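Engineer: Chain X is fixed; fit chain E onto it per the hints.
Protein chains in written order, with this note's numbering: chain X, 1 to 317; chain E, 1 to 253.
None of these hints come from the bench; they were simulated from the model.
All of these numbers come straight from a predicted model, not from anything done at the bench.
Backbone N, C-alpha and C fix where the C-beta goes; we use that ideal spot for every residue, glycine too.
Careful: at least some of the hints might be erroneous.
[Claimed, not checked] If you want the ones that stay clear, here's a sample from chain X, every Cβ over 12 Å from chain E, calculated: (1) Ser59; (2) Ala79; (3) Leu85; (4) Leu94; (5) Pro117; (6) Val164; (7) Asn172; (8) Pro204; (9) Ala210; (10) Phe265; (11) Asn266; (12) Lys285; (13) Leu309.
[As the list claims (entries may be wrong)] Quick list of simulated restraints, FRET-style, between CB atoms: (14) X:Ala261 <-> E:Val61: 40 to 46 Å; (15) X:Arg82 <-> E:Pro166: 56 to 62 Å; (16) E:Pro166 <-> X:Tyr50: 33 to 39 Å; (17) X:Gln306 <-> E:Ala87: 19 to 25 Å; (18) X:Val281 <-> E:Phe40: 25 to 31 Å; (19) X:Phe81 <-> E:Leu167: 49 to 55 Å; (20) X:Thr75 <-> E:Ile141: 51 to 57 Å; (21) E:Phe40 <-> X:Ala57: 41 to 47 Å.
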Amino acid sequence: MAAPTTTPAPVAPIETGRRRRPIRSRMRGGMIGYLFIAPVGLGLLVLYIYPAVATFALSFTEWGPFGGNTFNGFTNYAAVFRNELFWRALGNTLLYMVIGLLVIPIAIIIAALLNKPGLRGVGVYRTLYFIPFVTLPVASGMVWKWLYNGDYGLINAFLSSFGVSGTYWVANPSTALLAIGIVQVWSQIGYYLVIFIAGIKAIPQTYLEAAELDGAGPIRRFFLVVIPLLSPSIFFCSVINVIATLQIFDLIYVMSQSSSANPAFNSAQSIVTLFYQMAFVENNKGNATALAFLLMLLIAALTAVQFRLQKKWVFYD
Amino acid sequence: MIFPFAWQILTAFKTQAEAVAVPVQILPSRWEWAVFTEIFEVLPFAEQLRTSVIVAFVRTVGQVMLCSLAAYAFARLRFPGRELLFALFLSVLMVPGQLLILPQYELMATFDLLNTIPALILPGLFSAFGTFLLRQFFLTIPAELEEAALLDGASRLRIYWSVMLPLVRPALAALAVITMMNSWNDLLWPLVVNTDPNVMPISAGLTTLQGQFQTNYPALMAGALLASLPMLLVFLVLQRQFVQGIALTGSKG
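Chain X extracted, bound-state conformation (with noise of 0.2 Å):
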C-alpha cells in the first residue's frame, strides 16, 4: 500500500478588484538601512574579511621581523608539503573525521529507542545526554585524561578486574588518538541527539503505520522509513560535524599537548594543533598560514563532496 496521497489543495480565488500595492515598494530604507548594517558590517571588515585576505597573501610571503614580508610564491607550501609532520597531522585529522562521524549513527539509535510511546522522562534523558555538550571542553578533557591515567585512571582499575592490564591512553601514540576521539564522541551526541529527535517526531505516524500493516518489522521499518525520512537531519548532521572535526583542537591541546615530552605528542596531533605549534610556538608564521588555507581547502572540498554525493541519498519529502 502506498502512503496516503496529499488532497488536491483548494485553487486560490482570483484577486479582483482593488489590487494592494506591494508592501514592498513602502517599505524604503535608504540610509538608514547602511546604518543599521555598519556595526556589524565594519565589524566583519575588520575582523574577518581583511585577516582572510591577508592570510592569502601572507601565506605567500616570508614573515619578516617587523613587517618586512617579501613575496616568496609557494615556497611556504612547499615547506609544508616536505614537512613530514603536516602528513601525520593530515592522516590524524582525517581518522578524527572518521572517528567523529560514529556520533550520527549513535545518536539516530539513541534518538529512535527514545521515541518508543509512553517512554517517560525524555526530556531527563535528553538533559543527561546534552550536559556533556554544555560542559567546558577544557574541562571534560582534565576529566578523561584523569579516567584514562595508565596509573591511577578508572578505565584501567575497571579493566584489571577483569585481568585485562590497561595502557597510558592519552600517552601511548598507538592509543592517544582513539582516546581523544572517543572522547570527541562523547561531548559531541546531546547536540546531535536534539537534532535526530526533533527530525524522528517529524515523520508522519500514518507513514510507519502503513509500513507496520504491510508486515515490517521495527527494524525494517527504522532502515526502511525512518531513515530515509531523517536523511536531510542526517546529511546536515554530516556536513557540520567533518566541518567540526577537521578543526579538532580544545581536547587535543588539554589531553595530549600540554607537555611537549608526551610521547603520544605528534601521533595525536591535528592540523589546527599544528597551525598552533607553527604560529605561536615556533613562530613560523609563513607556513602557518599556508597551512591554515590548506585546511581551509580541504574543508571546502570534502564539504562539496558531500553535497554533490547527496543526490545519491538524501530523500527530500
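Structural biologist: This is chain E only, laid out in the frame that chain X set:
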C-alpha cells in the same frame, strides 16, 4: 554519559593520597573542601572566572544587539547593494576561524590590545551567523505589523526596538545562549591573545592549572568543576532556549 562528572566530583573531595590509591578508592574518607579554596590561592582563579563572565556577557549582549540591527535591515529595509552586502556577510560564514587568527592577532598587537579583556571580546561581537539566523526570523513576520507602526509615525529605530525585537524574542534567546556558550568554551583565541594568567578567561586558565598541578588531581578536578559550573547552571535554567537554539541551527543554519 555523566559518569565522568560524578567521578570528578568525588575526586575533588578526596585527598591526593586517596585520589591516586591503588586499588581505586571510590568514596573519599572525609569530604574535604580545602582544595576548593586552595585553587583560588595558587591561581588567579577568581579573576579568570570574572573575565569569563565579563567576556561572555558583553559578547552576548553586543552580538544580539548588533546582529539584530543588521538582520532587521537585511530583512526589512530596501537600499541599493543590499543583496551584494548580504552575500558578503554569507561568505564570512564559510571561512574557518583558524585561518583568521594570525592577522587578527596582528591587529590586536597593532592596537596594543594584547593581554586585555577587549581583545578577548572583539572578534566575538560581530557575527555573520547571528545576522543570518536573525534575518531568517525577521523575514517570517507579517509586514502589516510594521506598516501599522509606520502609519502611526514611528521611526525605523523605534519599529525595530518596540515592534520587531519583541516578536523575534525566541530567536534572540537562542542566539544569546549559543553565543554565551561559545564564548565561555572558547580556547584557541584566548590562548593566543592573552598569555598573562591574570587576564585569561577560565578556559585558558585551566590549562595552566594542569602544568602547576601535574599530580594534584583533587585540585585539578575541583578547578575543572568550578569552571564548568556556571555554564551548567545557565543550561539548567535556560534548557528550552538551548534546545531551541540547536534546533534552529539545525533547521535554518
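Engineer: Hints first: check each against the structure and report whether it holds.
Structural biologist: Evaluation of the provided hints:
no.: 1; hint: Ser59; result: 10 Å, violated
no.: 2; hint: Ala79; result: 16 Å, holds
no.: 3; hint: Leu85; result: 16 Å, holds
no.: 4; hint: Leu94; result: 16 Å, holds
no.: 5; hint: Pro117; result: 21 Å, holds
no.: 6; hint: Val164; result: 15 Å, holds
no.: 7; hint: Asn172; result: 18 Å, holds
no.: 8; hint: Pro204; result: 17 Å, holds
no.: 9; hint: Ala210; result: 26 Å, holds
no.: 10; hint: Phe265; result: 15 Å, holds
no.: 11; hint: Asn266; result: 19 Å, holds
no.: 12; hint: Lys285; result: 6 Å, violated
no.: 13; hint: Leu309; result: 19 Å, holds
no.: 14; hint: X:Ala261 <-> E:Val61: 40 to 46 Å; result: 43 Å, holds
no.: 15; hint: X:Arg82 <-> E:Pro166: 56 to 62 Å; result: 59 Å, holds
no.: 16; hint: E:Pro166 <-> X:Tyr50: 33 to 39 Å; result: 35 Å, holds
no.: 17; hint: X:Gln306 <-> E:Ala87: 19 to 25 Å; result: 22 Å, holds
no.: 18; hint: X:Val281 <-> E:Phe40: 25 to 31 Å; result: 29 Å, holds
no.: 19; hint: X:Phe81 <-> E:Leu167: 49 to 55 Å; result: 53 Å, holds
no.: 20; hint: X:Thr75 <-> E:Ile141: 51 to 57 Å; result: 53 Å, holds
no.: 21; hint: E:Phe40 <-> X:Ala57: 41 to 47 Å; result: 46 Å, holds
Comparing the model with each earlier hint shows violations of hints 1, 12; every other hint is respected.
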